[in-house]
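Residue numbers (my numbering), protein chains in the order written: chain A, 1 to 313; chain B, 1001 to 1363; chain C, 2001 to 2252.
Keep in mind that the hints were calculated from the coordinates and are not lab data. Take the hints with a grain of salt, since some may be wrong.
Said to hold, decoys possible - Examples of chain B residues toward chain A, derived with CB under 10 angstroms: (1) 1031; (2) 1033; (3) 1034; (4) 1153; (5) 1160.
Given the structure is predicted, the values throughout are model-derived calculations rather than measurements. The beta carbon of each residue, even a glycine, is placed where N, CA and C say it ideally should be.
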Amino acid sequence: MSFHIEVITILLNGLQQGAIYVLLAVGLSIILGTLKFVNFAHGALYLIGTYAGLLLALDVNLTSGLLAEWGYGQLGLGLGYIPALFLVPVVVFVVGLAMERLVVEPFKNRPDTDQILVTFGLAIIVQELFRAMFGSGSLPFSQPTWAQGAPSVPFLSAIPISQWRYYVIGITAVLVLIVYLLVEYTDFGLVVRAGTRDPEMVELLGIRLSRPYLLVFGIGAALAGVAGVVGGPLNPVNPTIGNEILVPAFLTVVIGGVGSIAGAVLGGTLFGITQAILVSTYSAWAQVGLYAIAAIVLLLRPQGLLGEEEVAP
Amino acid sequence: MSDEPATAAETGEETPADVPGVFTLYGNELKTLIATAIVLALFPFVFARMPVVSDVLQGYQSLTTLILIWGIFALGFDLLLGYTGLLSFGHAAFWGSAAYGAGVFSQHVTGSPVLMVVAGTLVAVLLAWVLGFLSLRRGGIYFAILTLAFAQMLFYMASSPLAFITDGENGFTGVETAELFGMIPLEEDLPSILGELLGTTLYAFVAVLTLLCIALAYRILQSPYGMVFRAIRENEQRAKFVGLNVWRYKLMSFVLSGLFAGIAGSLFTIHGSYVPLSSLYWTESGEVVIMTVLGGTGSLFGPIIGAGLYLYVENIVSGFDTVGPFWHLILGLVFVITIWTFPRGIWGFFQDVRDYITGGDDQ
Amino acid sequence: MTLLKTDGLVKKFGGLVATDDVNLSVEENERVSIIGPNGAGKSTLVNLITRRLDPTEGDIQFKGESIVGRDPHEVVQMGISKSFQTASIFSELTVRENAEIAALAAENGSFGFKFLQHRESLTGVHDRATDTLDAVGLLGQADRTAADLPYGDKRRLEIGIALAAEPDLLLMDEPTAGMSPEETESTVDLIEEVKRELGLTFVLIEHDMEIVFRISDRIVVLNRGQIIAEGTPDEIRGDDEVQEAYLGGVDL
């Protein structure tokens, strides 16, 4: 393989991995920015997205877990990948709404630490529920046959990257753009942005923030669900994937700047590409490198790359 | 500008040897420590050997040691979470680094258990100083995320770049613990009545350190620090505006909790003769969070009880045929219910019951 | 001797100028009140002096030394104390502990390593806390949890916390806001007592004109971030510009 093909491969791989981080970070970031809520269960939404995608798209043969014991070893709707891509965000959106009403809302006025603790507990519960139901082992979630192999387009066909990874990048770009336009150019977005700055004032103007907040949480959840379903076929699928991806997702948010969509995109892309470069050069340092970048950014620019200075109380 | 005002010079800078009030016991301290010593002395017998009770509980000796070790960890963690109000998700860094520190020290320098604890603790304290310095730059929610991030960085460091020291994924197997004071094997049972009560020398060693840790924590809470920590949790801004350097007190809270984590982590290595890589993973930080909250934040003994409960479920309930496989799920549920309905944990619950019965006059 | 001096102090929040070229000086043993309508920039000025906010331009000097760039706790250690507009106390701590926190900062400085020393061995802190509680009339309730105090007592405790530092300059941000007439009366008595006994220099921000005229040596009138008048209570009472711009022609 020639050198420039190798470089492009690495960059595209990084971009694809970054896209997953971006999807998660955008949701986390807008939730943190508007609701001021730290969601340690965001990884659980990713987990739900992956499993929902798997069960909607394919037929799965479970070998362990309660479902198998109860005689539901053969599970899944087998609708195919495209319907799954459309249904999963809906499913996780609804899960997100339920979570906002049942967990976030009651903890609105509790200390930050309690919010972190309860969502952390929730993340454990979700993970362990999935472990109990589907077993601890990894489930097969392959890329669809039509998206395997390099695309048959001039030039790209020479790069050993499956079409699926291009779709991941494309889907992410489109979704993030939609969310960005929603927040910047709609009345809903205006209320949300105003609420981010000064929730008290917005409420005084007679606008109830409860519903926009609900929607923000739902959207954030749906994005995590999409990340789960597009990322699922690229990694092993088991109950711990949610909590494993939570840490890099959080870092992406902090690096990019809380509440900034552009920051999440920048942070995620930076992370993905750095990781890909390190994996192919100094693979032992691949993970450490991410954290080193994060540490450096935070020391030099505590509010994150595109974050605003904290406003004085 | 110096942080020490002129008044400090007027009250007289004491030399460490005659600092008043360090070695004198005040108020309830003696009573509390004696009671604790009695409980520590009876615990292994009741849990692992007493007829009927130990059969029902299905307890065993080495679990008692492990409970105390995690108890020390949770006790220190509570200084930070329960008293100062700072939630760290990175304490695995101090636990794990002390565990590795003690292990590597035993292989290359000496296997003396006391020195292993000193070495491991030193590593943890130094690390806590550095990570605290970095993580406390931003308050509130960022603190949780930053501690988590730095601890994960350490995990990945140990997993490959530093694998030549840590043995990477396999965990560190080269622990060579020697005899206590060069003559008493740790794993052997103590003679006669001591053996019946305490079991092994290892337990006695850990129990003595536990007692010292409880005395230390109790004293910290009765010192100006205990008051300042609670003041920071209550109203950080006001604490600044009475003239306290809140940042440095927070850092001390972090370092002190790192000290306890270090002692515990070193003992963990001595107890297991092995350091798993997972001792640095963030779920380990999560475990100490759960133990502390379950047992009761803002109390001295709550976290130790929490550690006991957690380890009991993890090691014994998990073996039950019925609910065994779901032990982690059960803990997760109990944890969420605790935060939801009883944020002060088991200890707080007992306190409320006691106050209800006695009319709630005493503290 | 000039204790506090601000020099061309400007604070902008985005386009809004909250403090506009303020030159204020406070002499030792002087009692200065800052008055002005809502939004005149009184609180911003206090927040600048206590280093809660960074000035956009200008300098603040205390005892001839610039304090811009210092941390809030350093400013307190230099001798500027502040009592807050709302009862900013440590609610879950006892009344005595509230006073001890402040006494600790005053006796032992902003930070120390005394985590092995029992609090009871620190007699200086203990005595100072007792004196402070006695001074604000809360010694009888020392063992109560601060949250259980009636509102007026919380405010007295708040002032006590500020006094425990034995400051050279005390900034009081509306010490009687939200108090009943009786509570206001006893707080004013307290302030007058402090003024008499400790000979303290203080800067008072207050809405209640009766209190202002009763206890001030000098009054500074702020409007839209600028000082529009200053002088003795009598001079301010007779100042037409103040009457117009601020008091709306209400006869004092």
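Checked hints:
no.	hint	in the structure
1	1031	violated (32 angstroms)
2	1033	violated (30 angstroms)
3	1034	violated (34 angstroms)
4	1153	holds (3 angstroms)
5	1160	holds (4 angstroms)
In terms of the numbered hints stated before, the structure departs from hints 1, 2 and 3, listed from lowest to highest.
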